[in-house]
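Enquirer: Residue strings, one per chain:
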Amino acid sequence: MSPPTLAVFKLASCDGCQLTLLDCEDELLGLSGQVEIAHFLEASSAVRPGPYDLTLVEGSVTTPADAERVHEIRAASRHLVTIGACATAGGIQALRDFADVEEFSRTVYARPDYIDTLATSTPVSAHVDVDFELRGCPVDRRQLLEVITAYLAGRKPDIPNNSVCFECKRRGTVCVTVAHGTPCLGPVTHAGCGAICPAYGRGCYGCFGPSGSVNLPALIPVLHRDGMDDRDAERFLHTFNTAAFEKELRR
Amino acid sequence: MTHRGSRVLHVGSLARVEGEGALHLSVHDGAVTDARLRIYEPPRFFEAFLRGRVYTEPPDITARVCGICPVAYQLSACAAIEDACHVTVDPALRELRRLLYCGEWIESQTLHIYLLHAPDFLGCDGAVELARTARAHVERGLRLKQAGNAVLELLGGRAIHPVNVRLGGFHRTPTRHELKPLAEQLKRAADDAWQTVSWVAGFDFPDAETDADLFALAAPGTYAIETGTPAVLRADGTLSTFPLHAFLDRVHEEHLPHSTALHSTLDGRRHLTGSLARFAISGRWLSRTAVEAARAAGLGDPYEGVACRNPFRSILVRAVEVVYAVDEALRIIDTYEPPRHPHTEVPPVAGTGHGATEAPRGLLYHRYLLDSEGAVADACLVPPTAQNQGAIEDDLRRIAQAAIDEHDASDEELTRLCERAIRNHDPCISCSTHFLDLTIERT
Ligand code: SF4
Ligand code: SF4
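For the protein sequence lines, the chains are S and B, in the order given. 169 is the number that full-length UniProt numbering gives to position 169 of the first sequence; each next residue is one higher, with no gaps. 367 is the number that full-length UniProt numbering gives to position 367 of the second sequence; each next residue is one higher, with no gaps.
Treat the hints as calculated values from the structure; they're not laboratory data. Some clues are possibly wrong.
Per label pair, the in silico range of CB-to-CB distance [claimed, not checked]:
no. : chain 1 : residue 1 : chain 2 : residue 2 : range
1   : S       : G181      : B       : R234      : 50 to 58 Å
2   : S       : G33       : B       : E209      : 38 to 46 Å
3   : S       : C175      : B       : P91       : 32 to 40 Å
4   : B       : R295      : S       : A75       : 50 to 58 Å
5   : B       : D371      : S       : A99       : 17 to 25 Å
6   : B       : E178      : S       : G212      : 30 to 38 Å
7   : B       : V54       : S       : D26       : 35 to 43 Å
8   : S       : V222      : B       : G351      : 32 to 40 Å
9   : S       : A99       : B       : E209      : 44 to 52 Å
10  : S       : C175      : B       : P206      : 53 to 61 Å
11  : B       : R135      : S       : F98       : 45 to 53 Å
12  : S       : V222      : B       : D90       : 29 to 37 Å
13  : S       : C175      : B       : R176      : 25 to 33 Å
14  : S       : C175      : B       : H86       : 32 to 40 Å
Partner residues aside, some chain B positions facing chain S, computed with beta carbon under 7 Å [claimed, not checked]:
no. : residue
15  : D125
16  : G126
17  : H171
18  : R172
Cβ atoms here follow ideal geometry from the backbone N, Cα and C, with glycine treated the same way.
Could you put together the complete structure from these sequences and hints?
Expert: Structural data, given as structure tokens:
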């Protein structure tokens with residue numbers, strides 16, 4: 001029996017999430033023995049046509065061409081997993097959703113008429129069915145390996161839905177909000193990174209997006225207490241997972 | 001079979017580059033009439049949405065321009081904003097930044113050497129395929145890359161989009177004790193780096209020469225990485241520098257009406273940034289080991305100020321730079337004394353600031369205009385690939401023409417050669433911040 005096939009596709013993104021796969025230095029060669037890498041342009045010139053057993057998609061949908069391409073990718077994939085904040089929540093480029101994209105074009109390009117872009121940056125799930133969404137900007141290497149091995153084994157990935165606060169406790173990090181009054185999105189941010197920021201003495205800035213149980217109305221007064229005014233708090237939530245936190249705000 | 005007549009070669013999506021791009025070559029009656037590296041990475045509008053953000057945010061935000069060289073973005077942003085606010089960062093913190101940057105150099109240059117570039121020389125599709133016949137080499141590459149990532153993880157919290165960088169320095173600085181295991185890992189990496197040079201020195205290099213001006217930061221006394229003054233080495237050997245604040249007066253991005261690409265020029269001429277430029281401009285400041293590595297690799301004597309102008313040999317220069325970065329990281333760890341404060345305070349000042357650092361792929365320039373509250377009024381990012389695009393296309397023309405003149409190269413061969421010519425420059429297409437153009441080509 002031939003090994004399962006793995007494909008990696010990229011939409012609008014920084015390449016960081018697919019690079020995470022290449023950053024699995026200890027596991028890369030082992031993994032490549034268990035799957036056939038059928039489409040992964042960043043890593044190999046060899047490209048095989050679908051169907052693919054497992055497809056990872058990085059990046060958000062921001063152009064008419066990508067809005068079509070994402071359907072083709074879905075059609076060619078048995079399981080489709082989105083990796084990273086761009087693919088699961090629109091990424092930082094979703095800041096355009098709350099702005100005038102034509103003005104953005106004029107700001108950045110000499111010939112905005114040549115720019116073919118959508119007014120929004122949407123997650124893959126807004127266009128096609130997605131089997132699993134892995135969060136993070138970028139995704140965490142261990143979680144990525146868990147997702148891949150889970151699909152190879154035919155089970156659901158074991159990715160907890162709780163918040164960064166849980167990981168802080170597990171790591172034994174003193175809470176930066178309680179101890180230093182540092183604004184922190186840890187209570188509302190999805191676990192996965194291992195609570196890096198508080199361990200380095202800064203507040204979480206939400207790069208993993210909203211966790212399973214988000215209580216923004218409870219958090220905002222704490223942010224105010226820690227010195228943020230409304231605009232600061234809004235900016236804080238409107239960064240790498242802007243569209244996802246916005247959805248929580250409107251809930 | 002003859003290949004005369006008109007033909008158009010098109011590679012729809014380039015492999016083993018960062019980001020998305022395509023290649024287009026037109027040949028008419030044996031003459032290359034058009035060579036284009038087309039960038040179709042979707043626009044992400046960083047320069048637009050940075051407006052109105054707070055001045056402390058660009059280091060984290062601009063990191064997301066590129067997952068391959070986030071530290072370059074973070075440190076160019078810090079340099080520019082600190083410049084606007086007239087702050088000089090504590091020298092000990094500057095050293096620590098250099099250490100972090102060395103981690104990115106080791107990781108990213110090794111990624112390029114082993115995973116993206118070496119397969120071209122060995123006739124295979126990628127590193128996984130390469131591992132079937134040369135497993136020990138690939139394993140060495142992964143080990144070396146891991147050492148670079150270890151530096152990023154310890155100092156930055158994680159390898160991609162480090163969280164520990166801030167204006168004025170770091171959120172937290174490491175203890176001497178924490179750096180110890182890193183030093184051990186880097187000592188092993190020093191061997192791997194040296195072996196990498198020996199390995200790539202044995203590759204077969206096609207003949208080619210670029211006549212572009214070489215453009216890199218210069219910081220006499222050291223191999224410029226995180227600081228320096230823009231320096232230009234022209235093909236006739238003349239070297240000149242100019243102040244960083246004049247960057248946008250000298251480097252112009254032009255929109256060519258019939259091309260789908262913006263081309264940047266330096267004083268109206270084609271220029272190239274990256275390893276070849278740095279080696280030519282700062283080679284004499286390499287560490288002793290790196291100089292020896294360069295000599296052993298057949299690059300000549302850096303103390304004599306040699307330049308390597310063959311883009312195919314850039315892999316050699318990269319390997320030498322990895323030897324240097326490992327050496328330099330060890331030097332910094334060795335002399336490290338934890339600074340009194342993890343960062344120098346940076347209070348906001350209304351004004352304009354400029355910052356540039358040497359991303360693995362070349363000079364990365366940032367400029368910010370701040371108001372007195374510290375809000376960003378305007379941002380401009382000029383990444384290396386944007387600058388190199390003209391030189392890359394010139395390479396394509398030259399290399400394709402030579403192959404046609406020499407032996408009437410087939411379409412297949414030309415395509416392969418051109419893809420290699422692009423990968424020579426490690427173009428990081430994700431970093432298309434504002435040079436991108438999305439017209440649909442109709443041929
Ligand atoms: S989610 Fe973040 S790390 Fe991943 S591709 Fe998008 S910008 Fe890059
Ligand atoms: S603590 Fe928050 S911002 Fe920091 S890496 Fe984790 S999820 Fe991202």
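Enquirer: Next step is simple, just say for each hint if it's right about the structure.
Expert: Hint check:
Here the CB-CB span from S:G181 to B:R234 is close to 55 Å, well matched to the stated 50 to 58 Å. Taken as a hint, the range 38 to 46 Å holds for the pair S:G33 and B:E209, whose Cβ atoms sit roughly 41 Å apart. In this structure the supplied range 32 to 40 Å holds for S:C175 paired with B:P91, their Cβ-Cβ distance being about 33 Å. At about 55 Å, the beta-carbon gap between B:R295 and S:A75 stays in the expected band of 50 to 58 Å.
Between B:D371 and S:A99, the C-beta spacing of about 19 Å keeps the proposed range 17 to 25 Å intact. Hint check: B:E178 to S:G212, Cβ distance near 34 Å, so the stated range 30 to 38 Å holds. Between B:V54 and S:D26 the beta carbons are some 39 Å apart, a value that agrees with the proposed interval 35 to 43 Å. A C-beta distance of roughly 34 Å is found between S:V222 and B:G351, which places it inside the suggested range of 32 to 40 Å.
A C-beta distance of roughly 46 Å is found between S:A99 and B:E209, which places it inside the suggested range of 44 to 52 Å. Our hint of 53 to 61 Å for S:C175 and B:P206 holds, since their Cβ atoms are close to 59 Å apart. Against the hinted window of 45 to 53 Å, the Cβ-Cβ separation of B:R135 and S:F98 comes to about 50 Å, which satisfies the hint. Distance hint check: the CB atoms of S:V222 and B:D90 are about 32 Å apart, consistent with the given range 29 to 37 Å.
For S:C175 paired with B:R176, a C-beta distance near 27 Å keeps the hint of 25 to 33 Å intact. Under the hint 32 to 40 Å, the C-beta atoms of S:C175 and B:H86, about 35 Å apart, fit the expected range. For B:D125, the shortest C-beta to C-beta distance to chain S is roughly 4 Å, which falls under 7 Å, so the interface hint holds. Satisfaction of the interface hint for B:G126 is found here, the shortest Cβ-Cβ separation to chain S being roughly 3 Å, below the 7 Å cut-off.
Interface restraint check for B:H171: the shortest CB-CB distance to chain S comes to about 4 Å, inside 7 Å, so the restraint holds. The interface hint given for B:R172 holds, since its Cβ lies 4 Å from the closest Cβ of chain S, which is under the 7 Å cut-off.
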